[in-house]
Amino acid sequence: MIDPEWRERLVHAAVRLAQHGGLASITAETVTAEAGLPPGAAAEHFDSVPALLLEVGARVLRLRTDTQREWLDGTGPENVVARLAELIHHQLTEQRATSVVAYELYALGTRHEEFRQASRVANARLRERLAEILPPAQAARLAATADGFQLQCLFEVETPTVEQIQWVLTG
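For the record, in the sequence shown the residue sitting at position 170 is 216 according to this note's numbering, with numbers rising by one throughout.
FYI, nobody ran anything at the bench for these hints, they're computed from the structure. Note that beta-carbon positions come from the ideal geometry of N, C-alpha and C, so glycine has one too. Be aware that a few hints might be false.
Label pairs and their calculated CB-CB ranges [to be verified]:
{"hint": "1", "residue 1": "D112", "residue 2": "T216", "range": "23 to 33 Å"}
{"hint": "2", "residue 1": "D119", "residue 2": "A79", "range": "17 to 27 Å"}
{"hint": "3", "residue 1": "P96", "residue 2": "G217", "range": "14 to 24 Å"}
{"hint": "4", "residue 1": "R171", "residue 2": "G82", "range": "42 to 52 Å"}
{"hint": "5", "residue 1": "G194", "residue 2": "E54", "range": "26 to 36 Å"}
Model the full assembly from the supplied sequences, consistent with the hints where possible.
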């Protein structure tokens, strides 16, 4: 029987595992153990590990969208780049593990159709939010620059400063 509380515990466990060990650490067994549930619980609540990963992706997307909203609400054309630079810095520092998971899930969209749609939605969220502030072409260019630069920064040893991020975004 499907228990909504157990399903929620499984999703939270999968997010924690992904944040600490990457997507490769997610199996039905590891998620069930992390959630403190009996063996087989993940199989009862999700048809497959990819189905669980899609739910993880939805949660991570929701978190990132909420964070974008917090940082960009009240922003105008005159300060949007500065606020976006601060947001990216926050995602590279305070929310680094979540950012890594987001990009791991995003990359799955290059090979798997079910993840491709989720990746498109994730890609569109920032662009659409920025298009509420800037002309659409400028918003699209800024979103693409921000997205690509943030991914690049995840490979670096040192996190760039807000000022360095802002310089790249205005370049």
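Results of checking the hints against the structure:
1. Distance hint check for D112 and T216: the Cβ-Cβ separation is about 26 Å, which falls inside the suggested range of 23 to 33 Å.
2. Between D119 and A79 the beta carbon distance is about 39 Å. The supplied range of 17 to 27 Å is therefore violated.
3. Separation of P96 from G217 is about 38 Å and departs from the stated range, judged on CB atoms against 14 to 24 Å.
4. For R171 and G82, the Cβ-Cβ distance of about 33 Å falls outside the hinted range of 42 to 52 Å, so the restraint is violated.
5. Between G194 and E54 the CB atoms are about 34 Å apart, so this pair conforms to the stated range of 26 to 36 Å.
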